Amino acid sequence: MKSKSISFRVFTIVFLFLVILSGEVIAAGGSKTVSGSISGITYFAEKSVYTYTTSWTASAKSSAISNISIIGYTWWTVYRICTDDVYAYYSRSENQSNRNSNYFEDIKWIDHYQYSCNPGYFVKKSASLGNHQFTLNSTHQYPYVEYVYP
Amino acid sequence: MYRKPYIVLIALLVLAAGFILLMAQKPGEAKSEAAAQTALPTAVGEVIQAAQSVTPVMAAEVEMSAAQVREALVERAKQHLFKPGWVMVRETLTNFTNREEYVVVPMNGQIIPKNWVRETWLLVNEDLKVVAGYSVVKSFKGEPLLETIVSDGSFGKMIQPENLPGWQEEHWLYLDLFERMIEYDGGKSATFSLIEQGAKRLLRVFSQDFYPSAGYTEGVEGAIVSSFSTSYYDWETGQFLLSEDWAVLTDGSHKQINRLEVEVEYSPAPPAEVVARFTGEIKQ
Numbered sequence: 001m002k003s004k005s006i007s008f009r010v011f012t013i014v015f016l017f018l019v020i021l022s023g024e025v026i027a028a029g030g031s032k033t034v035s036g037s038i039s040g041i042t043y044f045a046e047k048s049v050y051t052y053t054t055s056w057t058a059s060a061k062s063s064a065i066s067n068i069s070i071i072g073y074t075w076w077t078v079y080r081i082c083t084d085d086v087y088a089y090y091s092r093s094e095n096q097s098n099r100n101s102n103y104f105e106d107i108k109w110i111d112h113y114q115y116s117c118n119p120g121y122f123v124k125k126s127a128s129l130g131n132h133q134f135t136l137n138s139t140h141q142y143p144y145v146e147y148v149y150p
Numbered sequence: 001m002y003r004k005p006y007i008v009l010i011a012l013l014v015l016a017a018g019f020i021l022l023m024a025q026k027p028g029e030a031k032s033e034a035a036a037q038t039a040l041p042t043a044v045g046e047v048i049q050a051a052q053s054v055t056p057v058m059a060a061e062v063e064m065s066a067a068q069v070r071e072a073l074v075e076r077a078k079q080h081l082f083k084p085g086w087v088m089v090r091e092t093l094t095n096f097t098n099r100e101e102y103v104v105v106p107m108n109g110q111i112i113p114k115n116w117v118r119e120t121w122l123l124v125n126e127d128l129k130v131v132a133g134y135s136v137v138k139s140f141k142g143e144p145l146l147e148t149i150v151s152d153g154s155f156g157k158m159i160q161p162e163n164l165p166g167w168q169e170e171h172w173l174y175l176d177l178f179e180r181m182i183e184y185d186g187g188k189s190a191t192f193s194l195i196e197q198g199a200k201r202l203l204r205v206f207s208q209d210f211y212p213s214a215g216y217t218e219g220v221e222g223a224i225v226s227s228f229s230t231s232y233y234d235w236e237t238g239q240f241l242l243s244e245d246w247a248v249l250t251d252g253s254h255k256q257i258n259r260l261e262v263e264v265e266y267s268p269a270p271p272a273e274v275v276a277r278f279t280g281e282i283k284q
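The listed protein sequences derive, respectively, from chains A and B.
Going by UniProt numbering, the first residue of the first sequence is number 1, and it counts up by one from there.
Going by UniProt numbering, the first residue of the second sequence is number 1, and it counts up by one from there.
Hint data in this document are derived by calculation from the structure and do not stem from the laboratory.
All values derive from a computational prediction rather than experimental measurement.
Idealized CB from N, CA, C, for every residue including glycine.
Covered by chain A, according to a simulated footprint, are these stretches of chain B (three or more residues, beta-carbon under 8 Å):
#1 130-137
#2 146-153
#3 157-164
#4 181-190
#5 212-218
#6 227-239
With these hints in hand, go ahead and build the complete structure from the sequences.
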């Protein structure tokens with residue numbers, strides 16, 4: 001019994017050791033989600049920013065538990081600003097949506113090298129913000145969601 | 001009765017010792033570099049279809065971690081890259097996807113060019129520290145778009161000396177690439193190899209990202225599921241030379257996004273209009 005217990009402990013240590021060695025890919029960044037309801041249908045409005053090795057991404061995602069007339073966003077801005085308050089990247093899109101659907105997602109892919117800060121300055125924040133759109137019959141909801149990293 | 005666990009324990013200790021030895025290997029040290037040198041050209045790792053300006057050559061894998069390669073580049077640059085006096089760094093970013101030449105930020109009217117040249121004059125002292133710098137981002141048409149200046153007062157006026165740490169030699173090595181690699185997956189997905197171009201030995205750095213959901217960028221038809229970057233450093237001086245970024249689309253095709261080239265010149269003195277910036281006011 002005792003030897004089994006020791007074996008189990010050793011196995012656990014080896015397993016954890018190997019897990020630590022193998023590592024895992026976790027992109028830096030995160031997301032913010034706001035939920036609501038339109039005519040009894042629950043919806044979710046999400047913005048995100050994630051940083052990778054060669055690029056970073058920003059997204060605007062609208063989803064609902066069942067199909068609605070219009071799902072998407074009315075406007076969406078993505079920007080990166082440096083510590084000298086100079087914009088390294090700026091983009092604005094308007095009125096993108098799907099009809100009779102429960103899902104809409106837009107993801108921007110942005111290259112690190114192309115949009116960089118001036119010497120002496122660093123990335124201050126990267127942001128994804130704007131109003132989503134959820135329309136069912138003649139009812140509209142435009143929740144504002146903003147995610148800023150870090 | 002206890003033999004089995006002891007065997008497992010010994011195996012664990014051997015594994016741990018191996019890991020410690022691996023981690024204890026000093027950066028840039030003879031072992032990996034010598035191995036790479038002797039591997040050329042007999043024990044060939046791969047044949048690289050390199051960037052346009054880099055002739056396809058035989059490559060030898062560099063058995064170093066991202067952190068070790070980073071440190072080796074810093075050490076080489078400290079010894080060889082900057083010299084006392086004026087140094088001019090020219091960075092040229094060519095974008096291959098642009099439908100428009102620039103974006104205007106509506107809040108402040110700032111222009112963000114898709115293609116740009118950044119020319120930076122750096123004054124380096126005897127201790128190889130940058131004590132003054134002037135940088136201007138220009139469009140490919142030569143229009144100046146953004147200026148930045150710094151000085152500790154030893155040349156011209158004292159101008160934002162608190163920013164000088166970000167102008168030092170390491171900034172021009174693009175080491176943030178390594179920091180992102182390490183943050184992304186501990187640098188495991190990056191590969192490093194040495195290639196020969198004429199009399200020069202170049203370090204080739206390859207890294208690739210995979211995205212959980214496909215994304216889009218202006219000027220590229222189709223969704224991007226992955227992207228990769230190939231950068232080249234002068235392995236003798238540590239100088240960052242070139243980087244090319246590519247997107248991988250859902251159909252498996254590749255699209256080049258951009259190309260960044262960096263040149264370093266040892267200039268006797270900057271032009272008079274640059275010198276004047278250190279004594280007068282600059283427009284932001």
